[in-house]
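J.: These are the residues of each chain, in order.
Number of protein chains: 2
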Amino acid sequence: MEQTELIVKMVKDRWIASLKSCDHLLSILSDEDLLREIAPSKNRGIYLLGHLIAVHDDMIRLLDMGEKQYPSLYEPFLKLPDHPDTPMPSVSELRTFWSEQCNVLNQKFEGLKPEQWLEKHTAVSDEDFVKDPSRNKLNIIITRTSHLQYHIGQMVLLK
Amino acid sequence: MEQTELIVKMVKDRWIASLKSCDHLLSILSDEDLLREIAPSKNRGIYLLGHLIAVHDDMIRLLDMGEKQYPSLYEPFLKLPDHPDTPMPSVSELRTFWSEQCNVLNQKFEGLKPEQWLEKHTAVSDEDFVKDPSRNKLNIIITRTSHLQYHIGQMVLLK
Chain A
1 MEQTELIVKM VKDRWIASLK SCDHLLSILS DEDLLREIAP SKNRGIYLLG HLIAVHDDMI
61 RLLDMGEKQY PSLYEPFLKL PDHPDTPMPS VSELRTFWSE QCNVLNQKFE GLKPEQWLEK
121 HTAVSDEDFV KDPSRNKLNI IITRTSHLQY HIGQMVLLK
Chain B
1 MEQTELIVKM VKDRWIASLK SCDHLLSILS DEDLLREIAP SKNRGIYLLG HLIAVHDDMI
61 RLLDMGEKQY PSLYEPFLKL PDHPDTPMPS VSELRTFWSE QCNVLNQKFE GLKPEQWLEK
121 HTAVSDEDFV KDPSRNKLNI IITRTSHLQY HIGQMVLLK
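Chains A and B supply the protein sequences, listed in that same order. Residue numbering for the first sequence follows the UniProt record's numbering, starting at 1 and increasing by one per position. Residue numbering for the second sequence follows the UniProt record's numbering, starting at 1 and increasing by one per position.
Simulated from the structure, these hints should not be mistaken for laboratory data. Be aware that one or more of the hints could be misleading.
If several chains are the same, the list does not tell them apart, and a pair holds so long as it fits within one copy or across any two.
[Said to hold, decoys possible] Taking lysine to aspartate or glutamate and the EDC-like style, the derived pairs with C-alpha atoms no more than 20 Å apart in a straight line are:
id: 1; residue 1: Lys9; residue 2: Asp128
id: 2; residue 1: Lys108; residue 2: Glu119
id: 3; residue 1: Lys131; residue 2: Asp13
id: 4; residue 1: Lys131; residue 2: Glu5
id: 5; residue 1: Lys120; residue 2: Glu5
id: 6; residue 1: Lys113; residue 2: Asp31
id: 7; residue 1: Lys12; residue 2: Asp58
id: 8; residue 1: Lys108; residue 2: Asp13
With the sequences and hints as input, model every part of the structure.
T.: Right under this line is the structure:
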């Protein structure tokens, strides 16, 4: 296997394994668990789940793979901090969004060839990309895997 | 820049940025903060810090870069769950270990050329490595970055 193909596969495998960890965690947490705070006066599980979906939704745009699927999640889960009075979808609805989104992302990611992962993402200009070629699509996966792991480490406290 | 060199740099940059996040967090948490539980009946900050140092210590062996520097941390922070009665170094000593270790790891990592990151790590046999070349040194960095982010997400709750 060619080196670029190998390393791109390693990065994608870590992303997919992280999604699976989150899936497993969601499967053992009840809706009631997810309505609790991860620690006193900290975010609730429902907020973390909605936040992850909103952040992953924005990846579609950054990776130039189409439009956001859940733009209404921006306000309650990215713009605003967690608050019980903020209108937001139910845990059950968010679970459905999460599963559907994982399938959509995996499908879109499969369509990209190794070299295409090294193309620039949409939030960087042509000029800046020449200066720093690490601002590519693969780096979006690398940074979002970090972000996902950070919040899995928090959500696991609801067990 | 050649592709392998570029992607290896991206992976290493994410590792270094994660270490820096942890550094920053440690700089704003007091020793007293680190002696608190991250959530009721969950691990204390001191345990997470010791655990990270113990896990990163084992990377030296896995990456074939020498011997562990802090083998005495295995028992209290890897083998045993967190317990206030377990003998362990003070927060202050662990802070020193953490800083020294970051320097040592960064120095050792700088010595490896991009292609060398794709060589097998020490926990995989030659035979298994042929079957799965992703079991290389770079993957140790990728998985340990995930692990670090997971626990940073927890330690941040002590703020």
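J.: What are the numbers of the hints that this structure violates, sorted from low to high?
T.: 6
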